[in-house]
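K.L.:
Going down the list, the protein sequences come from chains A and B. Sequential numbering of the first sequence, starting at 5, is according to this note's numbering. Sequential numbering of the second sequence, starting at -12, is according to this note's numbering.
If you're looking for bench data, these hints aren't it; they were derived computationally from the structure. Cβ atoms here follow ideal geometry from the backbone N, Cα and C, with glycine treated the same way. Hints are not guaranteed to be accurate.
[Said to hold, decoys possible] Listed next, with one range per pair, are the computed distances between beta-carbon atoms:
#  : chain 1 : residue 1 : chain 2 : residue 2 : range
1  : B       : P399      : A       : A417      : 24 to 30 Å
2  : B       : V201      : A       : G134      : 41 to 47 Å
3  : B       : S417      : A       : G461      : 54 to 60 Å
4  : A       : G378      : B       : S113      : 50 to 56 Å
5  : B       : S113      : A       : N470      : 32 to 38 Å
6  : B       : Y14       : A       : R61       : 21 to 27 Å
7  : A       : G433      : B       : Y14       : 41 to 47 Å
8  : B       : Y209      : A       : V123      : 47 to 53 Å
9  : B       : Q413      : A       : A150      : 52 to 58 Å
10 : B       : Q(-5)     : A       : L452      : 37 to 43 Å
11 : A       : P39       : B       : H369      : 57 to 63 Å
12 : A       : V123      : B       : Y14       : 36 to 42 Å
[Stated by the list, open to error] Heads up, incomplete: computed chain A residues facing chain B, CB under 10 Å, no partners named:
#  : residue
13 : E17
14 : T28
15 : L171
16 : L222
17 : G223
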Amino acid sequence: MKNIDSYTHTRGESVYLDDIPLITGTLFGAVFGSPMAHGRIRHLDLSAAESMEGVIRIFTYKDIPGQNQIGGIVPDEPLLAEEEVHFNGMPVAFVVAESEEIAHAALKKIIIEIDPLPVITDQRIAKDKGLLIIPPRTFKIGDTNAAFTDCKYIFEGTAETNGQEHLYIETQGAYAMPGENNAIKVYSSTQGPTAVQRHMSAVLGIPMHLLEIDVIRLGGGFGGKEDQATPWAIFCALGTYHLKRPVKYCLNRMEDMRMTGKRNPYSSDFKIGLDAELKIMAYEAEFYQNAGAAADLSPAVLERTLFHCTNSYFVPNVTATAYSCRTNLPPNTAFRGFGGPQGMFVIESAIAKAAEELGIPASDIQQKNLLQTGDAFVYGQIAESEAAPCWERAVTQYDIQNLNKEITDFNAANTLYKKALSFMPICFGISFTKTPMNQARALVHVYLDGSVTVSTGAVEMGQGVNTKCCR
Amino acid sequence: MIRFLLNQKEINTALPPGMLLLDFIRYRENLKGTKIGCREGDCGACTVLIGEIKEGKLFYAGATSCLMALGNAAGKHIVTVEGLNIDGLNAVQQAFADEGATQCGFCTPGFIVSLGGFCMSDNTPSYEKGIDSVNGNICRCTGYKSIERAVARINNLLSQRAAGSALQFAVDNNIIPGYFLNAEEDLRRLRAAIPEPATAVGNKVLGGGTDLYVQQHDTMPYEQIHFLFDRNELKGIRKEGKTGEIGAAATVTDIADSPVFKDFFPGLANYIRLISSTPIRNMATVGGNFTNASPIGDLTIFFLALDAQLTLMNGSDTRTIPLKSFYKGYKILDKQPGEIITKISFTLPGKEQLFNFEKVSKRTCLDIASVNTAILLTTEGHIISKANISAGGVGPIPLFLLKSSEWLTGKPVTTDIVEQLIQMIQSEISPISDARGTATYKRLLLAQLIKAHFISLFPHIALQQLTKLPA
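The shape of chain A in the complex, shown without the other chains (with noise of 0.2 Å):
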């Protein structure tokens, strides 16, 4: 079946937020965010920006109805700072505006003094310091210290994967409108329309039912509109609530690449044991993880890095250790994989230096060690593994002797270009660890006319959730 958006993508006719026709009335919003990682505000004068010609009002925290709270896993997170500012960008007030030029003309009239703390980057210092989001977290199965003393090799390194941003093509951005009784509707380019209500209720004092968030589709989520999506939204809100006007912000590319995470940056030390016949037998790692300036969606990704911390292979004493370690960048989130690449990056670096270091392809050790049926995980889930199979698979649909050959005469053929060729297999863990997360719902009406609607929370984003709901 074939992506049923398909015939409005491409004729450009699909909708996105900012595609929402304008409801007469519209104010523009813009956020001001800190210009300084970490520090004190001393001072913060908003009055010639209010003073400017077109702007309606600028929020401050002083404003929030209810808490100044945004927290998902960790209650950790203002939506407004207060006294402190803990990341460049950090949101610090809200610009309303007739128009999105004045909204961010009038950005730049915002005084703000700061003084500065230190600030701290790099996750390994935040770890010597304590700044943990929340207390480490360790797998284990068998015993490594026992294990270690009988293995024929044992190498030890250090393994870092940088941080990356999501860039979804559609930046993020919500519109909100006034109804009844203080009711609001908010358009949201989320990934997590729950998370944005719940957030908003508890920032607004108005209860859930009073707050309608509706998703068309995203121009990209990659993760980066989960939890990260919710502030947009609730200053969209926040504006209507106090205005009784509908108030829209799309970020623009250069707002959004400074004030949301990105993909946790991961610093880690490995220790691997194999026997003489290249067998795993032990395995220890400490992962330190970048959370940024709060817990965000962090701890859960850290978890999931300890979930894939094996990659594919059996190992029969592991010690992996992780830690979320508070920084003074922007809070980092989800991206595609969530933690899992992070903590397979690490043994594969391991086994690479393995190899390297006896002189033989990484292939030979990671063939040897796939997880078998009846294997248990680290987190003792037991095993039923088609890796092998797939591995064979691979060998001859890929007719890998041949493509060895063809690499080593064109290696001995060529001096300025090589060839090479690597193997990567990947166990990846579907589903929520979260098990109640596992479930979803629907509402259908079927009209007198026999058509039918669908309504669910599923979040289209260019993964076909829509023709799946049709299939």
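Chain A is fixed; fit chain B onto it per the hints.
P.N.:
Below, chain B without anything else, positioned relative to chain A:
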């Protein structure tokens, strides 16, 4: 008043000529198929086609409307995705639907428009040219494989085209709507009604806008603009005896397509591939690249090695200076207010001369250089009788490496000489650490690129030892 054709509609507007075409299309004409992704010409979601009559023939090329002034649309046919729609899907759109080449759909209209331009070109179609037409479009969902298959499908269709009008074929095969067959006539009628553009009306000089609108997008709509892009006397690439002459408003695409450049620079296609993307090349002018004064301007580095001369004009006064004396300090030019570059001239490389351009950026294509360099060598047998070496990204201005170039004169091409040359160059540059690399890294990059020059230019000489990295 600015007059142009937008799809099938004649536009006659008094809006500011410095306003962005993108904003005009989306927010004035309400054509929401043209998307906003970055407003920097990077993502291609806002791509439109520009139809112009050149040398008596209507010709379409892609452009990013986020960097294009409304004033630069005057007298042209602007085509958005809506202007390519027919009843049902057109052949390009159908290929995307069939191959699953659209997921979230946000980037899709940009791809459809770029490929529409590919289908309207009279050049012999090929798969590679199809891929080149979308090299300025970013997709974050698909991983591009499905898009490549769609391009292959479109190319298969076009390969059935006999010699003759691409437009006629495209209309006959449901690739574009029928009104395109009248577009040339409509455009001629419109142009006949447009008075000659007034000379020097403003103090803000604008070429293609590809850099100016990135830097000053918020103020440009309010500027009094002196438009140069469509000034006929600033266009064209000519060969006058042994001299090459380029009008300052010639674009990078004009250079890439120029028979003169193709004749005298055998490696041209490889150099151009490294310079921005198709839509940006269609807009970016040579004069703009020079006056932007970026220390890593690709064309600047290219023409520095050719020891190009600039002709500058101020009213009726003209003067000619070497490009290498044009840069006085970071973004400081030997240029008076009101003075514009009109012409670039240089001696075309002769048979005994060798030219090469090298560039490294964080991404291979579509990116600003970390370091770039060009070289022009005159040889007598194995002896270099004259050398011009330029380098960008290694100082506050685009550098002509005078000392090193002079040192190389009279030397033979050997591994030792190249190593010594690299040492000499290290004393002539002063890179700084920034987002594009550390100073140490840039020094290393330039050293490697100098080796690449010699390896490319002297494939018959054994320079293999040069591939080794310094210890």
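K.L.:
Hints first: check each against the structure and report whether it holds.
P.N.:
Evaluated hints:
As the Cβ distance of P399 of chain B to A417 of chain A is approximately 28 Å, the hint placing it in 24 to 30 Å holds. In this structure the supplied range 41 to 47 Å holds for V201 of chain B paired with G134 of chain A, their Cβ-Cβ distance being about 43 Å. A beta carbon spacing of about 57 Å between S417 of chain B and G461 of chain A agrees with the range 54 to 60 Å that was offered as a hint. Take G378 of chain A and S113 of chain B: their Cβ atoms lie about 54 Å apart, and the range 50 to 56 Å holds.
In this structure the supplied range 32 to 38 Å holds for S113 of chain B paired with N470 of chain A, their Cβ-Cβ distance being about 36 Å. For the pair Y14 of chain B and R61 of chain A, the supplied restraint of 21 to 27 Å holds, since their beta-carbon distance comes to about 24 Å. In this structure the hint that G433 of chain A and Y14 of chain B lie 41 to 47 Å apart at CB holds, the actual value being about 45 Å. The beta-carbon spacing between Y209 of chain B and V123 of chain A, approximately 37 Å, falls outside the hinted interval of 47 to 53 Å.
Checked against the hint of 52 to 58 Å, the pair Q413 of chain B and A150 of chain A passes, with Cβ atoms roughly 54 Å apart. As the Cβ distance of Q(-5) of chain B to L452 of chain A is approximately 40 Å, the hint placing it in 37 to 43 Å holds. The beta-carbon spacing between P39 of chain A and H369 of chain B, approximately 59 Å, falls within the hinted interval of 57 to 63 Å. For V123 of chain A paired with Y14 of chain B, a C-beta distance near 39 Å keeps the hint of 36 to 42 Å intact.
Of the supplied interface hints, the one on E17 of chain A holds, with its beta-carbon coming within about 7 Å of a beta-carbon of chain B, less than 10 Å. Interface hint status for T28 of chain A: violated, as the beta-carbon distance to the closest one in chain B is roughly 15 Å, over 10 Å. Among the interface hints, the one on L171 of chain A holds; its C-beta lies about 6 Å from the nearest C-beta in chain B, closer than the 10 Å criterion. A least Cβ separation of about 6 Å between L222 of chain A and chain B falls short of the 10 Å threshold, and the interface hint therefore holds.
Residue-level restraint check for G223 of chain A holds (minimum Cβ-Cβ distance to chain B is 3 Å; threshold 10 Å).
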